[in-house]
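These protein sequences, in sequence, are chains Z and H. Each residue of the first sequence is one higher than the one before, starting from 1 at the first, in my numbering. Each residue of the second sequence is one higher than the one before, starting from 1001 at the first, in my numbering.
It should be emphasised that the hints constitute simulated quantities derived from the structure, not laboratory data. It should be emphasised that the depicted structure is a prediction, and the values quoted were computed from it without experimental measurement. We treat Cβ as the ideally placed atom computed from N, Cα and C, and that holds for glycine. Any given hint might turn out to be false.
What the hints assert, rightly or not - In silico BS3-like pairs for lysine-lysine, Cα to Cα no more than 27 Å straight-line:
#1 Z/K161 / H/K1032
#2 Z/K223 / Z/K209
#3 H/K1045 / Z/K168
#4 Z/K223 / Z/K63
#5 Z/K168 / H/K1032
#6 H/K1045 / Z/K161
#7 Z/K223 / Z/K168
#8 H/K1045 / H/K1032
#9 Z/K63 / Z/K209
#10 Z/K70 / Z/K209
#11 Z/K223 / Z/K70
Said to hold, decoys possible - Quick list of the computed label-pair ranges, beta carbon to beta carbon:
#12 H/Q1016 / Z/L78: 29 to 35 Å
#13 Z/G66 / H/K1045: 47 to 53 Å
#14 Z/D116 / H/E1053: 31 to 37 Å
#15 H/D1012 / Z/D116: 23 to 29 Å
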Amino acid sequence: MCETCGCGDPEIVPIEVQQRILSDNDAQAGHNRSHFQGLGMLAINLMGSPGSGKTAVLEATAKAAGEHLKLGAVSGDLATDRDADRLNASGIVSATITTGSACHLDARLVHRALHDFPSEDRDIFFIENVGNLVCPAIYDLGQAANVVALSVTEGEDKPLKYPVMFQKADLVLLTKVDLIPHLDFDLAAVEDAIAHVMPEANMLEVSAKTGEGIDAWLQWLEKLRPAPAEQSAAGLPHEHHHEHH
Amino acid sequence: MHEYSIVASLIDRVQQEADAHGGSRVYRLHLKIGELSGVEVELLKTAFDTFRERTICDGAELSIDMVAAAWACSSCDRAVARGAILRCDDCGRPARMLEGDEIILQRIEMEAPHV
Chain Z
1 MCETCGCGDP EIVPIEVQQR ILSDNDAQAG HNRSHFQGLG MLAINLMGSP
51 GSGKTAVLEA TAKAAGEHLK LGAVSGDLAT DRDADRLNAS GIVSATITTG
101 SACHLDARLV HRALHDFPSE DRDIFFIENV GNLVCPAIYD LGQAANVVAL
151 SVTEGEDKPL KYPVMFQKAD LVLLTKVDLI PHLDFDLAAV EDAIAHVMPE
201 ANMLEVSAKT GEGIDAWLQW LEKLRPAPAE QSAAGLPHEH HHEHH
Chain H
1001 MHEYSIVASL IDRVQQEADA HGGSRVYRLH LKIGELSGVE VELLKTAFDT
1051 FRERTICDGA ELSIDMVAAA WACSSCDRAV ARGAILRCDD CGRPARMLEG
1101 DEIILQRIEM EAPHV
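All chains, full assembly: derive it from the sequences and hints.
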């Protein structure tokens, strides 16, 4: 019944919804997650500012992994194929997701890219998000973990300024640490900032230029990879009777 | 400016509910937006005012409940203050968020004959 004047017509009724506005994206992300798990691929959502070194870290990762790991990537880019070209040259099977004016990837864009992707035989699949510390944080893509690249030239207070991004991160990669001798960079200050916004503060210091820390980053990834038993049974209904480490 | 894409998702969702209930006109949407949701409420309102035209939401109002972030220890449930280091003072375990990341459509007030 009309709540304003009691006239009884037209009827204004409250419809209870109580759902996330992005529930469509969440459902698509769930589908992507099943796809990655079914193929035994570890999917990583790599985020960070423009110029934080996301692509360079992946190039260094490919160099260090060599023949040991099969790597794949999709790169969100507003206008060019430059990142995917660089990654393909480094040995990572890669494709571009051109976002146009969109400032983030969503689950639907990643899903479409997976359909066109040239290989399903990858151990680790990186989703290199659009360079941006705000928008990508709120869209689930179906990843197993969120990683944020933060370069030492961006300033120690970035985690406090962009708490949503860092709160969702499973790992912060502090990049370009080879530059620290040339900067007034306070490592303790960035660690303190991260502890205020990340419940399980976890940071690795890396340099794509010197290779420092890349082995530790590879070990972190290896620990997250699905166990071989899970891969072989992937896609089939099965029960888990093993411990996760 | 992901607020525009959130508004697009919101209007789609409202259209689905209108279709399901035979709704013709929407008067008000009640949303719940968390402090740490990553959504800027003023931008969301601007985006809604721009995009609602010629949709089911034309002329509809937004009513937004803001939710402050709240944290507690993941092990002993002791409260962890907002803005503090996100670890329990007592047991050292990481905090977990109790609320503050909501992006929720709670309720739609619409003109509908078949509810």
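Which of the numbered hints are not met once you compare them with the structure shown? none
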